[in-house]
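J.: Using this note's numbering, the letters of the sequence shown map in sequence onto residues 902 to 1227.
None of these hints come from the bench; they were simulated from the model.
Hints should not be assumed to be uniformly reliable.
[Stated by the list, open to error] Computed beta-carbon distance windows for the label pairs: (1) 927 <-> 1010: 34 to 40 Å; (2) 1196 <-> 1171: 36 to 42 Å; (3) 1223 <-> 945: 51 to 57 Å; (4) 990 <-> 1216: 50 to 56 Å; (5) 943 <-> 1223: 47 to 53 Å; (6) 1100 <-> 1204: 30 to 36 Å; (7) 1100 <-> 1196: 29 to 35 Å.
For each residue, glycine too, the CB sits at the ideal point set by N, CA and C.
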Amino acid sequence: MRILILGGTVFLGRWTAAEALRRGHDVTLLHRGRHGRDLFPEAEHLIADRTGDLSVLRGRSWDAAIDTSGYAARDVAASSEALAAGGLEHLTFVSTCNAYPDWPERPVDEDSPVWDVDDGEYGPAKAACERAARAALDDRVAVVRAGLIVGPHDNVFRLPWWVARVARGGEMLAPGTPERSLQLIDARDLAAFMVDLAERRQPGTFNGTAPIGSTTFGAVLDAARAASGSDAEPRWVDDVALEEAGVEPWTELPLWIPPRFAGTWAVGTDRAQAAGLRHRPIEETVADVWAWLADGGAERLPDWQVEHRARGLDPARERELLAQLR
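Can you build the whole structure from these sequences, using the hints too?
T.: Rendered as structure tokens:
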């Protein structure tokens, strides 16, 4: 099968390209050439900026496309219309759970309403991208609303920050309780699911994350201890105490968000599970992230979306908080 991947060189796109090639598909990558020009020499690379000239698509045709890099409706409309003109049979568009206005304050599922206005913010813009893709390709579109994606090559660095912190060892601050539920999807599992959808030409809307309750914060830290051989001793700190101390959710403590955001880890995935989305044990993902870190993976991360990268607690700030909250 001839597959075009829009993106294909950074994190999820990279794993999607790897999966399609592993299955023996004829893969073309459309990207700007800023990252990963040396990746996948067996694939065709089309160098273009999708926000401008897409003439490289003119006169070309593919059986299926997977769009991992669409953030503005006008750009998704332009690429989807060009692909429709070439007779594309199926498009998988990577969206986000931020497309739901209720999320993360309240639980959502695959039938929950999405933003119906585009004010340029991330969630509304992604919902507008979904509409643009469907306007061009109608029922040939699968929308995958991704949750928290983890795994090796994670350039946003939320799970890797925790794995690296555990590996440093010693007393460490941990948020809430070890039983706190998380929903994390390995990029390799999400990539496999999207290639499945492309192969089957399956349309629909799917929440691309692990099932509710699939792992816990404690399990993540335990897996990191086991993988790295660390002597880290988590000190679990109450959410209220963390907020009162001014700890920034998501950035200073990646994966932590106060429990008043009750929908964060309550994303329904029934339709995705029925369509074949599977998730590997968190222990496997964490072990692979540790191996990637130990091999210097963090130093080779591209600068793409660096403004969204988790900062994590500075060691001095962590010691100060532990002393303050002791």
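J.: Does each hint hold? Answer for all of them.
T.: Do the hints match the structure? See the list:
1. 927 <-> 1010: 34 to 40 Å: holds (36 Å)
2. 1196 <-> 1171: 36 to 42 Å: holds (37 Å)
3. 1223 <-> 945: 51 to 57 Å: holds (52 Å)
4. 990 <-> 1216: 50 to 56 Å: Since the Cβ atoms of residue 990 and residue 1216 sit about 52 Å apart, the hinted range of 50 to 56 Å holds.
5. 943 <-> 1223: 47 to 53 Å: holds (50 Å)
6. 1100 <-> 1204: 30 to 36 Å: Holds - the Cβ-Cβ distance for residue 1100 and residue 1204, about 33 Å, lies within 30 to 36 Å.
7. 1100 <-> 1196: 29 to 35 Å: Given a distance of about 32 Å, which is inside 29 to 35 Å, the answer is holds.
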